[in-house]
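The listed protein sequences derive, respectively, from chains A and B. Counting with the working numbering, you get residues 1 to 367 for the letters of the first sequence. Counting with the working numbering, you get residues 1 to 75 for the letters of the second sequence.
It is possible that part of the hints are untrue.
[Said to hold, decoys possible] Going by beta-carbon spacing under 8 Å, a handful of chain A positions derived as facing chain B:
(1) Asn29
(2) Ser37
(3) Leu41
(4) Gly43
(5) Gly103
(6) Ala115
(7) Ile208
(8) Ser290
(9) Glu352
[What the hints assert, rightly or not] Cβ pair distances, simulated, as ranges:
(10) Ala209(A) - Lys21(B): 25 to 31 Å
(11) Pro205(A) - Val58(B): 36 to 42 Å
(12) Leu118(A) - Glu47(B): 21 to 27 Å
(13) Arg68(B) - Gln145(A): 49 to 55 Å
Simulated from the structure, these hints should not be mistaken for lab results. From the three backbone atoms N, C-alpha and C, an ideal C-beta is built for every residue, glycine too.
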Amino acid sequence: MGELAATTIVGIGGFTIGLVFGAVAQRTNFCTMGGLSDLVLMGDGRRLRAWVLATAVAIIGTHALHFSGAIDVNKAIYLSTNLGWLGAIIGGAMFGFGMTLTGGCGSKTLVRLGAGNLKSLIVVLVLGSVAYMTLRGLFALVRVQLESATNIDLKTHGLRNQNIGEMAATVIGLPAGAARAAAAVAVAAAFLIFCFKDAAFRRSPANIAAGLVIGLTVIAGWVLTGIIAADEFNPVPLASVTFVAPVGESLQYLMTFTGATVNFGIATVGGVIVGSFVMAVATGTFQIESFADRSDLVRHLGGGALMGAGGVMALGCTIGQGVTGMSTLSLGSVIAWLSILGGGYFGMKYLEEGSLGGAIRAVFARG
Amino acid sequence: MTNQVLDAKGLNCPLPILKAKKALKDVPVGGTLEVFATDPGSVADFEAFCRATGNELVESTQDKDVYRYLIKRLN
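Working from the sequences, and respecting the hints, build out all of it.
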């Protein structure tokens, strides 16, 4: 394949994967923040389980691809030997808190934009700009300082990557490959049991379908960037679905189009918006929406900025770390995922109580 | 007869649910809460909310861009 071909394949393939993601998320109301809020506000765990099912499906597919030799998932950023634990904690918490302010994570924002919500357009612009500022701009200075001061180089500890199975095996002296496979089976099984032991989830075909399809889009991303578009003369970075840095890159791509090259992330962002748009029009739910009042605007600006900066610091969002990163069983992804959940829970309490102090009291009152 | 009215127009998930949950506390058992919202996602949200919290969704209607929900507090 020539140089142009690999880029074109990644572009068309990524757009198609995004299209499916957007259409399905729009139709099934898939939402990671919504899953958390359903559980916290009304004790309904079905949407949260759709997210967990997506992660379980992605873990199974990712490890099948890895152990069959089809892709080397160690090349994905999530498994690098550079463990950014503090960025995962701080960034994850910022992202989780931010997504409650905007009423949805990065992907949900793109889905809403496709369905006509113009608040989401503002969130996309803020999230993307702040993400890029944290990636390469002014805020990158702070991020790089933080990372160089706290990141742990796992190579100096005799580790080859940050897969939790391999790390545990190295510590207690077991074969790395076997431990890695065992960890994947154990986590995927635990997640599947968590999902399907719930009768309400079993009776919810929309949530089951959402979990399966979102999980499959992550697997499709690996297949596309790791196998179909693989070109030894022009290597495509091994990547899959994530929605923070790519939103920033998409804005930059649109502004510098004549001199820019599309990548997987940019293509998926476009696909999600178009997929959601098509589904919203087809189902008659397309509707132009605007801000309710001043505090609504402030919440969306703040939430977008927190998600942009936090998502880059944590190397991903509820999808990028919560599904794609988790599918590699990287320690950093586990830390980021838990931090996002913690930040999201705190954000929900903040919305409920109306102040940070009230939210802190509410969290501790519950123990 | 409606006991309480909540205007959640222009707000997105999770705020309409969150505000409804709060407003419902001020409604006597057997009384009703009328909610107006514009978020298309609120249709599924209010169905799930009523089922999960054991309250009755008496009416769920749509007039152009505005969704209207009539919730009866049962507990």
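query: Is the hint on Ile208(A) kept, meaning its closest Cβ partner in chain B is under 8 Å away?
result: Hint on Ile208(A): violated, closest Cβ of chain B at ~15 Å, above 8 Å.
Per-residue hint verdict: Asn29(A), partner chain B, C-beta under 8 Å: Check passed: Cβ of Asn29(A) comes within 5 Å of chain B, closer than 8 Å.
Glu352(A) as an interface hint toward chain B, with CB separation required under 8 Å: holds (6 Å)
message: Given the hint of 49 to 55 Å, is the C-beta distance from Arg68(B) to Gln145(A) inside that range or not?
response: For Gln145(A) against Arg68(B), whose Cβ atoms are near 52 Å apart, the range 49 to 55 Å holds.
query: Does Leu41(A) pass the interface check with chain B, least Cβ-Cβ distance below 8 Å?
result: This interface hint holds because 6 Å falls under the 8 Å limit.
message: Does the closest beta carbon of chain B sit nearer than 8 Å to the beta carbon of Gly103(A)?
response: Check passed: Cβ of Gly103(A) comes within 4 Å of chain B, closer than 8 Å.
message: Quick check on the hint: Ser37(A) CB to chain B CB, less than 8 Å?
response: holds (4 Å)
query: Has the hinted range 25 to 31 Å been met by the Cβ atoms of Ala209(A) and Lys21(B)?
result: holds (28 Å)
task: Classify the hint on Ser290(A) as holds or violated, based on whether any CB of chain B lies nearer than 8 Å to its CB.
output: holds (7 Å)
- prompt: Does the Cβ distance between Leu118(A) and Glu47(B) fall inside 21 to 27 Å?
  reply: For Leu118(A) and Glu47(B) the Cβ distance comes to about 26 Å; the hint holds.
message: Given a hint of 36 to 42 Å, does the C-beta separation of Pro205(A) and Val58(B) actually sit inside it?
response: Once the Cβ atoms are compared, 26 Å apart, the range 36 to 42 Å for Val58(B) and Pro205(A) is violated.
query: Taking the least C-beta to C-beta distance, is Gly43(A) closer than 8 Å to chain B?
result: At about 5 Å, which falls below the 8 Å cut-off, the nearest Cβ of chain B leaves the hint on Gly43(A) intact, so it holds.
Checked against the numbered hints above, the structure violates hints 7 and 11; every other hint is satisfied.
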